[in-house]
Every structure is written in C-alpha cells, then in structure tokens.
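All chains should be built: construct the whole structure from the sequences, respecting the hints.
Protein chains: 4
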Amino acid sequence: MATGHLAHIRRAPAGGRLRLGFVGGGRGGLVGDWHASGARLSNRWDIVAGALSSDPERAALSAQDWAIAPDRAYGDWRDMARAEAARADGIDAVVVCTPNHTHHPIAAGFLDAGIDVICDKPMTNSVEEAQDLRTRTGGSGPTLLLTYPYVHHAMVRQARAMVAAGEIGELRQIRIEYLQDGSMHAAGPDDKGQLWRRDPATAGRSSAVADIGTHAYHMLHHVTGREVEALRAEFHTCGAPQPLEDTAFVSLRLTGGVPVLMHISQAAPGQFCGFRFHIWGSAGGLSWDQEYPEDLRHTPLDGPERIVRRGQGAGIVPEAAQLVHLPRGHGEALTDAWANLYAALAIAIGQRRAGQTADLEGLCLSGADEGLQGVRFVHACADSHARGGAWTDLGPSGW
Amino acid sequence: MATGHLAHIRRAPAGGRLRLGFVGGGRGGLVGDWHASGARLSNRWDIVAGALSSDPERAALSAQDWAIAPDRAYGDWRDMARAEAARADGIDAVVVCTPNHTHHPIAAGFLDAGIDVICDKPMTNSVEEAQDLRTRTGGSGPTLLLTYPYVHHAMVRQARAMVAAGEIGELRQIRIEYLQDGSMHAAGPDDKGQLWRRDPATAGRSSAVADIGTHAYHMLHHVTGREVEALRAEFHTCGAPQPLEDTAFVSLRLTGGVPVLMHISQAAPGQFCGFRFHIWGSAGGLSWDQEYPEDLRHTPLDGPERIVRRGQGAGIVPEAAQLVHLPRGHGEALTDAWANLYAALAIAIGQRRAGQTADLEGLCLSGADEGLQGVRFVHACADSHARGGAWTDLGPSGW
Amino acid sequence: MATGHLAHIRRAPAGGRLRLGFVGGGRGGLVGDWHASGARLSNRWDIVAGALSSDPERAALSAQDWAIAPDRAYGDWRDMARAEAARADGIDAVVVCTPNHTHHPIAAGFLDAGIDVICDKPMTNSVEEAQDLRTRTGGSGPTLLLTYPYVHHAMVRQARAMVAAGEIGELRQIRIEYLQDGSMHAAGPDDKGQLWRRDPATAGRSSAVADIGTHAYHMLHHVTGREVEALRAEFHTCGAPQPLEDTAFVSLRLTGGVPVLMHISQAAPGQFCGFRFHIWGSAGGLSWDQEYPEDLRHTPLDGPERIVRRGQGAGIVPEAAQLVHLPRGHGEALTDAWANLYAALAIAIGQRRAGQTADLEGLCLSGADEGLQGVRFVHACADSHARGGAWTDLGPSGW
Amino acid sequence: MATGHLAHIRRAPAGGRLRLGFVGGGRGGLVGDWHASGARLSNRWDIVAGALSSDPERAALSAQDWAIAPDRAYGDWRDMARAEAARADGIDAVVVCTPNHTHHPIAAGFLDAGIDVICDKPMTNSVEEAQDLRTRTGGSGPTLLLTYPYVHHAMVRQARAMVAAGEIGELRQIRIEYLQDGSMHAAGPDDKGQLWRRDPATAGRSSAVADIGTHAYHMLHHVTGREVEALRAEFHTCGAPQPLEDTAFVSLRLTGGVPVLMHISQAAPGQFCGFRFHIWGSAGGLSWDQEYPEDLRHTPLDGPERIVRRGQGAGIVPEAAQLVHLPRGHGEALTDAWANLYAALAIAIGQRRAGQTADLEGLCLSGADEGLQGVRFVHACADSHARGGAWTDLGPSGW
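Chains as they are written, first to last, in UniProt numbering: chain Z, 1 to 399; chain P, 1 to 399; chain R, 1 to 399; chain F, 1 to 399.
Treat each hint with caution, since some may be false.
[What the hints assert, rightly or not] Some residues of chain R that are not near chain P, with every Cβ distance over 12 Å (derived): (1) S54; (2) R82; (3) R87; (4) R136; (5) G141; (6) G188; (7) K192; (8) W196; (9) T202; (10) D295; (11) T299; (12) P304; (13) R352; (14) D359; (15) E361.
[Said to hold, decoys possible] Some chain Z residues near chain P, calculated using beta-carbon distances under 7 Å: (16) Q173; (17) H263; (18) A268; (19) W280; (20) G285; (21) T299; (22) R352; (23) Q356; (24) C364.
These are computed hints drawn from the structure, not numbers from a lab. Ideal Cβ positions, reconstructed from N, Cα and C, are used throughout, including at glycine.
In structure tokens, the structure reads:
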C-alpha cells in the first residue's frame, strides 16, 4: 500500500479550533451543508452558532442537525451578530450563505459587529454594494473572505504551480467551461434555490454567469495569475423559459493578449458540474475536469500525454502536496476541496486575530477586492450582451 | 463471438468496380493515401491512372506504389484528362487532392473533358471560382462531389438520425470544436503541406478555418439539418508566427435561432484530431469525439447516460447499421469512414452514369452547391473578423 | 444547478453526537486520519479521547492535532479503557486501528470494560483470536464492528440493490481485483506501516491478502449476498523481496456455483487503489471502480451501456440515494464513504445503547461473525497455496 | 495539422501486387471479409480466385461481391487448388478461413499443390493434424502462415519493443483477458459461425479457448518473448447451455517464472472485443486495450502515467512507426491491423518466392511451429481442466 499522510493543514492549531457561525444554510438549502462539511472535515472549526433559516421551526431543527446548542440557534441574524459579539466565547467568524441580494446587509452587519465574514460568491449583486463592503474591510478590522472552493483542489494547485514555473511555456490560449443542466426544468414552487437565482429581483442582472460563471472567472485568474482586460458576451436562454440567461458564450482577453473562450451553461442535458479548463502554452497544455479532479492532464508539445495524479511524489509539486490527505488512488473530491478552503480560512483568520497580516495570496484566498472584481465581471458580461457583444472592459482596476 | 457482417455497401457492383484516377496525392503528400486507402477498402474502385505529382520522378514512383500501369502515370493533369477521356476504358472519375488554389483549374479541366470530379475541401479559395464550378455542373453532365469523410462515420450517421427523430427534442444549443496542434511549429522547408496552407498566395484568406473549420461547418449542417444564418468570428495566431490565423472562436446562429459555439485551432498542444460536438436539445444531448468514433454518448434529460456503440442491434438505427462492417468492439476508425465515403461516391457516380439522378441527400454527399456554401463560410469568418467580430451573413442563399 | 441535499444520515441525532476514542491512529500512521476524517464528516461523533501512539511525545502531539483535551490523551490503552469506563461522559465507542496482531488484546480489553469496539480489518491474525472475540460479543453486552469502508460508497449500494432486484438476472460469473503498487519498494526503516505488514511475526500468514484481499472478499459477499463455498489460491511475491506474498491469484466458488476470479496485488506499478469488480448475470453486467466511484456501469444484454451516476433521480435506488450528499457531478469520494460508514456505526451503536438490536444488515455493517469469516478467508487462501492450489473450504460455517 | 505518412509497407512492390485466393469467407460468414479487407487495404494483394462457399449459388454471388472473375469462382476447393496450380497467373497464396475442423485437409491440399497457405487460427483441432501440417512445410517448399491480427496493431508492436528494451524492467506479473458476450445467447439455426464453434464434432475439445484464448496465448508470447512453461485451467459455461466451455480461468507460468492470470470468456455481457493486457515489471507497467488500440498506457514506477499514442514522434519506436499510416489522432483500428498483417504476409511470401528465407521473426508472423504450439495450448487447457485444474505442461517443445 502506498504511504500517504494527512496534510498538516488538517491538524487543529495548538490553541484549539476556531468557532464558526452560519447565517443561512439550514434545511431546504443546498450549499449550507457543503460549507459545514468542509468546516468539519478541516478539523479547524467548531460550528457553534447559527441563524440557519428565516423560518423559526426550520432554524431550530437545522441547529439540532448540526448539534448547535439551543441558546445559540438564532431566529434573526441581527440578534446573532449582537449576541455573539458580546460573548466571551463568541464566534470567530460567520459564514454568509444566503441568497445573493442579502449578502450585503448581512456581511455589513457582522463586520460592523467586529466579526470576520466568510461570504459565498458572488459577493453582492451590485457593484456599489461590493464597493461598500470593500470600504468596510482592510486595516486591522475584521475582514471578508469569499468562498471559491474549486481552486482548493490539489490538482488545480498543481496546474497553477506548473503554469507559474513555465512548464507549458508562454500562455497562448485557454478554453474554460462550466456546464450544468439544472435550468432545463422550470423551478418548482418549493425549489427556493432556483426561484431566487432566476428572479431579477433577487439575482440581479444575471443568473448563470453570476452563479457559476464567477467560478470560471476566478479560476482563470487563479491558474494563470493574469487579469481579464476585456470581454465580449452573448447571453442565451436555452432551457426552461426565464427572464435571465441560463447560457453565455464569452470571449475574453487576458493581460498579455491571451485569448480565452468561455462557455457557461445551466442548460446542457447530461452535464452536471462540468467545470473544465484547457490551458495551452508554447511548450504544452494542461487540462482539468472538476468531475474527475484527481487527474491533471499534461500534454508536453512533442511528448506523450502525462496524467499527473494527486498523491505524494510522481511529479506533485509542494503547493499541491500540502493539500494531499489520502494516498494516490484513494479518491479525494469536492468536500476535500471545501475542507482545504476552510482550513485556509481558519489559518488566515487566525493570522488576523493574532495581529498578523493574513497571507491571502499564499493561502489562495480572495478578499473584498477580488469579490468586487467578480461582481464587475458579471456586470461586464451583462453590459456586453446588452451592447450586442461589444468588447467591454472590467472596470477601473484589476485585481 | 458477436455476429457481424460486411455491410452491403462494400460489395462490388454487379458490373464490376469503377475506375478511378488521381491528380495529386503522390509521395510526400499527406491526404492522397487517405483517399486511396478509402477507395481500396470500399471494394468499389480500381485506381488505374494518376498525375500524382508535379515532379516527374516522384510521379513515376508514386504510380508504382499504387500499382498504376506506366502508360497511365501522367506527368501533367491536362495530358491525363485528354488521354483518359479518349480511352474506352478511361477513368470514371478523378480525385483532385492538390493544394486548394489549384482545385478550380483542375476540376474545371476534367469537367470539361466529361469526367466526374471528386474534390477535396474547400472546393476553391474564392467565392467566384466556386460559383464558376457550380455553373459547370448540374443537368446531365459530369458532376463534382466534395470529400467530407467525418460524416461517414457510422456513429455520426446515428447522431443525425437521432436528432431527426426528435430523440433529444428541440435543438437548444451546440458546441463544436476541431482542435489540433500542428501550427505550434514553424513549417520546415520540406513540409509542403504546411507551407501552402499558411501562405495567403495559396491558402487565400484563411488557414485553419479553411483547412478544418470547413469540416466543422459541414458537420453542423449534416447532423442538425439546419443552415447557418449568421456568424461572428475572431481570428488568432497562437502557434508559430504566420500571416494567417491558426485559431478561431466562432459564434453561429442556425435556422430557428439555435446558438452554436465553435472552437477551431491548430495551436492546441496535445490535441491531434480533436473534432468533437455536443448537441443539446430539450430532451437530452448527444456527444461524439472523432478520436473515439465508436461511441456516441446520449444523455437523456433525467435518465442515465447511454453509450450507444457502433455495431448491430442495441439501439443502432438502420442509417448507421448500413455502415457497420465489423462487430461491436472490433474497431472501425478513420479509414473505414473514408471507405464509406468512397462507396457512396461510387454509388452516386454509378447512378449518374446510368442516367439516373444521384441521390446525394440519401448518400450524405455534397455537390458543388454545398461546396460553394463551404467557401462562403470561410469568407464570412474572415469578413467578420475583419469587421471586429460583427455578425455576418453567409451569402445570398443557403444550402 | 441540480438540486441536491445532505442525506439525513449526516444529521446529528436529537440527543447529540456520540463520543469516540481511538487506540492508534496518531502521527506517523496511515489509516488513523481516515477513520477520524470519516467520523468528523459524519457529523455524528466527537473525538474526545485517545491513546494515539505508543510513543508518549507522539501521543501528546497527535492528541493536540485532533483537539483532544490533555487529560484524555492517554499513553496506554489499558489506562484509557479504565478511565473512560469510569467517566460519566466516557466514550461511547473506541476505534482500534493498530497493527493487526494487537487487535485481539485491545479489543478484548475494551469489550471487558464495557465499551463498544470499532475494529479495523482483518479482525485478528488467527482464527482462534477471532473466535475468542466473537464469544465476547453478542447478547446485550458491548459489540464489535468492523470497518469495511468501500461498501459504503453510494454506487456500491446501488450495485447491491440492482443485483438483489434481479436487474442483471441470475449471477453467472464475477471478476474482482484489488491492485496497488506499494510492495514494489522495500520498506524503509521509518515506514512502520509497511514493516509490520510484511513481517510474519506481526502480519501472520499473509500480507496482501490480509491487507486488501479481505476487502475484496467482503465486497463479494456484500454485493452478491452470496457466501464463498471454497477457493483456490496461488501466492506470489512480485515486488521487493519479502517473506510473505504481495500478490495472489484466487479462484472462488460462491453459493449456487458462481465462479469468481480474484486478483490481489500490491506489486502492480501504476495501480494505486485499483479496487474493481465486474458482475455478470444472465441479463446484463455491472462494473465499478473505486478510483472513479461515482459511476456504476450497467451493461444490459442487448442494450447500450448505461452509466448510472451518483445523484438523486436518473435511476438511483433508495438504498443508494440515502448516501447521496452532493448533487450529481459534485464529486464524493473515499472520505465520504468513510463518513457513511461512521454514520452507520453511530446509528448501530446508538441503537444498542438504547437497548435495541442494532440493524447491522440494514446498515451494511459487519460484526464479529463476519470478522471471523474474514480471518478464515485469509487462512483458506494461505492453506490452499500451501497445498499447491487445492480447493479449500472456508470453515465450518458461513456468515 | 500534424504531418503523417503512409508507411512504406502499404506501397505495392515494384513487381506488382501478389495474387490471392480464398477458401471460405463468402456471404454468411464472419471473418472472410476481415481477411479480404485487410488484403485490399494492404495494397499488396489482388484477390483473384475463390471457393467462397460450399453452397454454389452463394459461392457465385460472393465472387461477384469481391469482383472475382467467374472462371476463377470455384465450387470446390480441390478444383481450385488444381486449376490455380496449373495457371501461369495462378494465385500466389490461398487464405483458409473455413471452420477449424476443415483446416487440415484444405491446407494440406494446397500445400501439396505447391501453393502457400494463410490459415486462420487455431491451425487445427488436433495436435496430430497440426504436427502433420508442420511436417508438410519447411525447406524450400510452400509455407503455412497463421493469421493473428492483433499483434499487428502499431501499439502492440510498441509494447513489445518497450518490453524488449527493458523500459519496464524485469517482468514480474501479467494479466491478460479476452472477454466477449456472444455466448449469452443460444445460437440460432442460421448462425453457422456459432453452431460449429459450439459443437464438439467441429470445434474439438474447446470453444472459447480455441476461438479467442489462442489470441491471448499468442499475444503473451509476442509481447514478452517468453514461452509458456505450464498452466492450470478451469472451464466454465456461464452463458447459454452448450457442451463446451464459454469461459476459462487460466493461470500460467512463463519462462523465468513470471506468473500470468488469464481470463477468457464469451459470456460477459457488455464485453465485445475486450482483449486487454497489463504487463508489470520491476520498473513500470504497460497496458493495452484492443477496443481503444491507439493508446498504450505506460506507468513508470514513481512517475506519472504516460499515454503513448500511435503516431510519429512523441516516444514512438521504429518498430511501431513503420505501422503508422495516419497521423496521431486520425484513428486506425482493426482493419488497419489486418492490413498490416496482410502486408507482412505479402512480404514474407514474396521473400520465399524469391528464394530467400522469409523473415518471420522480423515480420511478427507465425508459421506452422507456432501453429502447433497454439493447438497444444488449447489441449493443455482442456487437459488441466479435466484433471481438476492441475499444472500441465504444453508439450515436448516450446516455440
């Protein structure tokens, strides 16, 4: 049997685990359990408080599901912010995993209460809200960090390191796609997650691009280290009728002129979480597929394809090796990526609480600056589409 | 062992095999052997004459390679047209597989000599030349047929029939790609096939789109039965420096408003003949990859993915079954597709010679009308690119 | 986006999480973290005590890694058994993940202290020890449960249900393999996990069959519901020299005469955790590969292959659906299987503590009876090999 | 576009193509067209004569299918041997692709008439017949060559060269399998190919082992260069009832003590031509699958898996490169392997006719010696099975 090890990031810190609270995420929601599972598996957080639902009964049942003590199961996030801020053993951070249009007031409320915020993407619906949140962070006060889990897969980290080391030469072109099929069906009356994602009142100007395109945009930046200079987008509705797009064809130009073709769709039957990229450079290519996340395909120009596989040794670079918890072939998947993310969040928030500057770059975490840029990406796509697919800049500044 | 059979299309006709000549295709070229292998494997043609190279020594050696009698190994295609037209046992058809800019005079010359022409794609470099060839065909005279081999894979035929039968419902969106990596390297002084493909004097306004984009365009029409109404294209040069594009991002709109995202590149390291499509409809999807041509992936909405595999039975429709020569699992590949194409060409030309109207639609063959439309596609891409990616119509008429 | 849910088995019980202790599993070991991660992710256990290493410093550091309070970090498992049995808030169960030859005294010690035991496989090295442990369980006293995680993958559960429902007809033949490559290298002086596995003094009569063959044996029974009547085995050493086998070719006969071909090896370069089975019946086949655990391949006789994929709907049966935590395409892997196992263990131990009979069959858990049978399998393989590959029965009784 | 070439073996020799005749292979049979397609695609043979069926009408129609002149379409193979031997332009070789029990008289008849014989495998049903045919060949007289097409895949040649060059180190263990599903169904009254294969009167002592196990046995020798010293076999009937086996589990020992596990079955639903091997050595492994013949998977110990793909360059050795006809990614499959075999047969028979010693070893061809050894393999399996799976030698001599 191959020898593996649990990477050190899943060791609880010497001072013990941090305390985590949730707003949203209770029964009936989709992503709350993803965050919570990541936090548990990271071995760096205890989930001790929550305002898990706006429905009081559901909030109580959800708190029991997560073994949250009744006195820390709140019916309203404002009460939670106040009470937790006042406790000696109050939460060290709060996760905001509510519908997008509510991110701003909740995140602002916890930041004002002095509590660090972990916020699902996109950070907000409007650029103005995003700018406002950015102004509330920085300096020595509480911080806001976004949750982009896919970049915390070991083999994405491997890809990033290989690109940075020049193993595929100069970047030449990229294709990235995120394809699903959930929009083929009309949302049912109980399918709250779909209802708010398709309603302009709650989702803003975009549905699929805001929901999954933001992951693709973030991955582009993460793996290449480049910024998006400009883009062109076409929006389509290919699935069940709805006012917002379920599909987008986007062409982008990265710093240095690298062309990118992006395909975003939630109306592609048979595609479930088809998040994939191909990065081609002057000396080779790299391909990764979220549905088979253990394998990074490396195609050196003029040599056989190599399947670089998660595990220790056999070409795995240190940046990836620190995310390896099980030996090669003993699969890790999405919850492991979430756990890697939550371990990184614990480390960053621990650094900040210890008076240090959090090493966001080294931990591959995104703060409010990147959150704002992600919101600008969504708006640039919507603007380009509205202007017939014209080239559109992302805004006054990059990341 | 599963029972298979050699589909009837590989039976020689009762009157014996037809006689075939070649212009181009000798030693040093790439595609001549592909055509010749297809013709041999089809069991419907004897290759008996050729002007296989403009270099006399190479022409003679090439004729010997193919067991062509010395007196029918010509040094010049004009001599060949004249002599073969005069023989009682002259060729029934000529294959033109020379560089694109020479297609027009050669094809015109053989048509004028009364000999049917089988022409590689694209039919010509200019729209005017294409229109001219079209005017020379039709009626009871000799005909010109294009060689698009990929649509003669059994499982492409299966896809076409399933789309037509409504098995994936209404078409909703399509992605098609043709990716290779040959343009990563500069063409060497002996690499004639690359030299003319990258030189505007011989290749015209486009390199990659003309070379492989035309296959993707043709496949779109073949599998969906729809026409391209308009398109937008961006050209890029991602590989070795050259004056023409090696990469194109194209967005198309088919009849009925179906959006298509097309990715064409000869500068994608690790991609060799990555010709693939996904067709998504209201009831499911179909995916096919030329590099694994035996498997058609069918993803019904709400049911498990099905791998429909070439062979008799197990969901194979009659249109595909007639192209099945070996039992399931006993692989057929590209030469089999070429052989299917050459069998169809023999049947069509046999029909014409017998005074019948050739059943091009039923045989999935393309005549000069489609050849012209393919040339228009290339020009529409180049025009759109020149106009900053503006929407561009294909021309006065569709197929 | 597809709608998923966290299956109810990851909800903490109304009475709160159970308390878990560990013997073994600290820094330097391999499998301790696998158990611990599964327990954490299951959301049904708090790890509160441990004798994590026989080395005191390592034991203390390991306890800190897992956030175990210093007063419950024991240096000796005997002290732990005594102290925990005496505490009002003592552990509800102990995990024994030490080298195999120590399972018997430790398990016996905790059972005698009235504490339920969760024991890694194989249960013991000798049949006598296994029989002894069996006699110590049963009735209303503490129980012993084995950890076979692979049968807790959702798609293995799906396979089992499909076999039971007759979807592949009568069973006709099976192939099962578990292939790795760790034995290609000599064990280094610090590689304790390999040193004891290859030493007859600690590993007993078998290395690879005891280590991974037991998983294959257990899977056979689990998926088919049949018992092994007899077997023939050949042992080989194909990797680095060592006194015990690293490879076994085994032929088995299941109840009803179904032939099985089993291949076990830890000396197959390029194989990491290649645990795979094909089950063929009169109406079709099922294939599963641990390295790609989301996909169950179903090959109906005379119909296209179907890829039944983990997720809700699309052919997933209720037995599998209850193990689905993330939507289709959002990958689950080995830690999820461990978490499913630890959830089942919590339910079973909760049932016993509530005075009920634990529903081992329904929860797909194995008690001491199956543990004994697993030890008999190892000895039957060794006996057959010693007798030149003669047919060998497993023992006086089946499961 | 990548540059490819038609390997020189598909060039007709300077003296023109050889003349080929067939006994068997007409309408209603399975494999005749495979041989004929290979011969045509090889560009080295003209098929000019045949006794294609014992049914006269079928023989005449089949001759027309293949464009054989009526005066060389024989009703009886004896007439054909006599007439062709007498013609100045008589056939250079005859293909015998009739049921196995008729191979001996037909092959003997043509050898006696001075005509080289190309015989399908297994060479005969009995060892005695095989020995008799061997005595009729050798020296300067006509020769008999067997048709094992799978070893003529380019990537099998690549595997063989890599093993010989020590790229995977010392051989340590092998697994080889050939799995199909045709025996799940009873043979229908018109399914002549199945009827004779399952009838001991025509098939001899074995069905599946004789039909496809012989390919596996031959591949073992081809790829490793080792001989089988002894084997143990179990026969099973897992599909439709029949007197002979449809499944065999075989354990073999190669020269040097290398253990091999072989699985042969025609009763595995969903398996069509699942001929696969894994060869593991001290320094790595090689895996090949006939259904995806372009890819040879190379797993160096301690490095990433490499997918060595058919094409020029990128690690392809000269032994394989000479079988490369299409550029990488432009698929070759089974008919290409047959064509490579028929090219080799033409070269060998041309050598013999020119008075040289045919280079069977270099051409990877098998003569009567190997044919005899293949028959011995079948009998050794049957003998071992009859003796309860006892170790059984192959016979007095190896290859």
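Structure-based check of each hint:
1. S54: holds (50 Å)
2. R82: holds (54 Å)
3. R87: It holds; R/R87 is separated from chain P by about 51 Å at its closest Cβ, greater than 12 Å.
4. R136: Correct as stated: the minimum Cβ-Cβ distance to chain P is 46 Å, above 12 Å.
5. G141: holds (46 Å)
6. G188: R/G188 is indeed farther than 12 Å from all Cβ atoms of chain P, at 36 Å.
7. K192: holds (41 Å)
8. W196: holds (43 Å)
9. T202: For R/T202, whose nearest Cβ neighbour in chain P is about 46 Å away, the distance exceeds 12 Å, so it holds.
10. D295: Label violated. Min Cβ-Cβ 9 Å, cutoff 12 Å.
11. T299: Check fails; 9 Å does not lie beyond 12 Å.
12. P304: R/P304 is in fact no farther than 12 Å from some Cβ atom of chain P, at 4 Å.
13. R352: Non-interface label on R/R352 holds, nearest chain P Cβ at 38 Å vs cutoff 12 Å.
14. D359: holds (30 Å)
15. E361: Non-interface label stands for R/E361: nearest chain P Cβ at 28 Å, farther than 12 Å.
16. Q173: Since the shortest Cβ distance to chain P is 5 Å, the answer is holds.
17. H263: Holds - the Cβ of Z/H263 comes within 7 Å of chain P, reaching about 6 Å at its closest.
18. A268: This hint holds: Z/A268 lies near chain P, its Cβ roughly 5 Å from the closest one there, short of 7 Å.
19. W280: At 5 Å from the nearest chain P Cβ, Z/W280 passes the 7 Å test, so the hint holds.
20. G285: At 4 Å from the nearest chain P Cβ, Z/G285 passes the 7 Å test, so the hint holds.
21. T299: OK, holds: Z/T299 within 7 Å of chain P, min 2 Å.
22. R352: At about 42 Å, which exceeds the 7 Å cut-off, the nearest Cβ of chain P leaves the hint on Z/R352 violated.
23. Q356: violated (42 Å)
24. C364: violated (26 Å)
In this structure, the hints that do not hold are numbers 10, 11, 12, 22, 23 and 24, in rising order.
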